[in-house]
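S.K.: Numbering that gives the first Met the number 0 applies: residue 0 is where the sequence shown begins, and numbers increase by one.
Just so you know, these hints were derived from the structure itself, not from any lab. Hints are supplied without guarantee of correctness; some may be wrong.
[What the hints assert, rightly or not] In silico lysine-lysine, BS3-like type, Cα no more than 30 Å apart, as pairs: (1) Lys173 <-> Lys246; (2) Lys472 <-> Lys392; (3) Lys58 <-> Lys100; (4) Lys392 <-> Lys374; (5) Lys149 <-> Lys44; (6) Lys374 <-> Lys472; (7) Lys496 <-> Lys445; (8) Lys58 <-> Lys192; (9) Lys246 <-> Lys119.
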Amino acid sequence: MRISRTTVILLVANLIAFGLVWRATSGHQPTAIGQTQLFPSTPTKLILSEGPERIVLEKRSAGWRLTEPFDWPANIWTVQRLLDELRFVSAEAGFDAAEAKANGSSLKDYGLEAPRWTLKVTAETGATVEAKIGVQPSTRHHFLLTDDGKRIIPLPEAMSAALATKPESYRVDKIFEVADFEARAVSVRHRMKDGEVVTALTSEARPRIGRRVQLPEWRFETPYDALADADATTRAVADLTNLRASKFIALADDVTGLTTPTLRLSLEGNSRRQVLLVGNPAPGQPTMLCARLEENNSVFLIEARLLNDWFAARETLAASRPADFDPALVTGFTIATGGRTITLHRLEGAAAEARWEIPVAPGSTATKRREADAKIVGRFLDAVAQLRATRRKSAGGTSVPAVMAQANPGTASIQTLELEFGTERMLLSFTDDPDRGAGTRVVHAKGSPLAAICDVSLLNGGHQNVEPQAWRKRSLAELPQGARVSGLRLTARGDGKVLGEARLGPDGNWAGSGRLDPANSRRLAVGLADVRAAEFPGRDVGSDGWKFEIRVTDQAATGGGAASETFRTYLCSAPFSTRALLMRDEADDDDFILEAGLAEILIPLLAEPGR
């Protein structure tokens, strides 16, 4: 590849141009602003006086701090705004005061005879620069007079705005320096007429029954060892760490009540601890409370509503879930009521695909082993895990979880539910609600100092149902793939009369007589391939005896006329309605109400012709 002459010329020209630019700029040194600055470039203290009022800012190791008119961490952005403006006040700007006097002007014309502000800036070296600042009466422009009185410097509007900033703008709003994510403990001491109520909470990871992995969570440490409500406590702690002072005020101790505070809140982080003292309502402002930090005498106001949770921490932050567990980890449970029990165990398999059984256990109402309905069991365990305390009015009028201290579950109308997690157990008791709430029970986990009044309607009575029929699998007959119903016979049990009979031919067509014509036979055969119960009543539902008998012939999946056949026989009551029918499999002891889909096919065949 050949490089053209033009390319070479352009390359050389670029190199020459680069060399000229580098030569012109390599020796250049930017002029430091500090060479003409009036004020120190690295101040450590600023005093801005306006008459008797002063704003004092001091630079500490942790940053800037406002020390007058109150002691508080400074807002770095507001301080930086003032510092930025001071850097651009040049000692060479403006004009000589003598020159202005020669032209017939006086300091009074620039508002400097009785200046509005005095600004004193102290450098790291200890050197101090002081200046007076006034407002020109005719233009409202601001002018600065140097400490020696020899030079007058006009100030920009941005500097004027920075000087007019009020003390409240120089402070940070947040009261606590501890962030919500690092909060580890909260202690509350609430002074009341009959004594002091102490409540302490801590965040820690502790193994719990029914949980595989346990993250840090909030717990009561005082007055009892119990879980706090995860959502309510996390929210309350976050609100506390973000609590803001509304206004700083100067009031006497007897007015603020902070010598004997009503509330003492201690917040601990990773490596620091701060204590907030809360006293009386502010004079004329009942919704605002006087407060200060324990190590700081500056008094400020906070909104009373923001501390509602902490004035009644035991009631508002108590755990509202009496049984907090992972349903997928349950390996079995036992329900006991009125001296009767029933036990269910999970068979091996993943939780989502697990099968459950009702074994014949000592004291159990089950007289034969049955398979339980996994969906019913799953819904029940999910509902138990989601039980929450209802909310009721407290003495203060606020709505709080209905949680009570209860070391003894009592014996009135009691049901118990023992949950198994491998070798570990969780025992729950259900007793009557003392307030006789509709559908509510007092739910207590053994070992917990607290019990919760919960709405148990979502349990659908499962916590007191010890009948095997309530838990058994709803699928009664389900033909395997390839198998089919090959014969049907409907008989009246009273006189033994055959009301209809049908048979599946080798060609796959049905041939029938009586009430079982080919069309009805085909529909009924499809339905009987999967017989499901809507309910096992376990009680007399008014069947008035068995009126009909259905004999079903099932053909195995081997195909052809020589395939093996098995038989099922169902007893049927008179229909209750167009969708309800009581039945029993002769090989089973439990009556069942047939699922509506199949019942709608079968019931018309049981009715007398013409009715």
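S.K.: It remains to establish, for every hint, whether it holds in the given structure.
M.R.: Structure-based check of each hint:
In summary, the hint linking Lys173 to Lys246 is supported, as the alpha carbons are separated by about 12 Å, within the 30 Å threshold. Between Lys472 and Lys392, the direct Cα distance comes to roughly 43 Å. Violation of the 30 Å bound is thereby established for this hinted pair. With a C-alpha separation of about 39 Å, the suggested pairing of Lys58 with Lys100 is violated against the 30 Å cut-off. Between the alpha carbons of Lys392 and Lys374 the distance comes to roughly 37 Å, so the proposed pair goes past 30 Å and is violated.
Under the criterion of a C-alpha separation no larger than 30 Å, the hint pairing Lys149 with Lys44 is consistent with the structure, at around 24 Å. A distance of roughly 9 Å separates the Cα atoms of Lys374 and Lys472; the hinted pair therefore holds under the 30 Å criterion. Among the hinted pairs, Lys496 with Lys445 is inconsistent with the structure: their alpha-carbon atoms are about 61 Å apart, more than 30 Å. Using a Cα cut-off of 30 Å, the hinted pair Lys58 and Lys192 is violated, with the two alpha carbons roughly 44 Å apart.
The straight-line distance between the Cα atoms of Lys246 and Lys119 is roughly 26 Å, inside the 30 Å bound, and the hint therefore holds.
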